[in-house]
Amino acid sequence: MATLLVAGCATSQEELMPVGDTTMMEIWQNQAGHSTGERRLLDVRSELRRPLESPELVSEQLRYSRDASNEIYSQFRRLPNPDLVMYVFPHLAGSEQVPVPGYSTVFPLYQRTQYAMPGESARPNALLEGRGNEGRAR
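Per the working numbering, the very first residue in the sequence shown carries number 1; after that it's consecutive.
These are computed hints drawn from the structure, not numbers from a lab.
Using N, Cα and C, we set each Cβ at its ideal position, and we do this for glycine too.
There are no misleading hints in this set.
Simulated restraints, written as ranges between beta carbons of each label pair:
#1 LEU16 with ARG49: 43 to 49 Å
#2 PHE76 with GLN111: 14 to 20 Å
#3 LEU57 with PRO80: 33 to 39 Å
#4 LEU57 with PRO108: 36 to 42 Å
#5 LEU57 with ASN30: 39 to 45 Å
#6 PRO55 with ALA93: 50 to 56 Å
#7 SER46 with GLN111: 55 to 61 Å
Given only the sequences and the hints, what does the whole structure look like? Please build it.
Set out below in structure tokens:
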């Protein structure tokens with residue numbers, strides 16, 4: 001058994017890894033595709049390469065494109081739900097009369113968010129305000 005172990009270590013380096021004429025840099029350049037012909041081709045391609053879509057064009061198209069979120073928000077507008085701000089003055093709370101500093105809190109006037117029907121205006125007088133005195137009731 002010991003003979004096999006010693007024989008395994010007796011293999012020469014040249015048999016396992018023969019030394020060739022190419023250097024490590026040449027191997028790297030050939031494997032990475034950096035030969036001079038390919039480098040020129042990549043340079044020409046990079047000069048001709050342009051972005052498929054400019055950011056301005058994309059944002060312009062998003063405004064005019066039809067998708068589910070645009071359809072929902074344009075057809076079913078939210079009705080105004082004003083926020084109520086309440087200020088709680090400093091006070092003493094509990095049986096031990098613990099001091100509580102003053103604070104403010106915000107909550108919506110209506111419990112649920114209400115949506116207008118398609119074609120319904122969020123404000124009923126919105127159309128009348130633009131006309132002047134002709135459309136107003138007297």
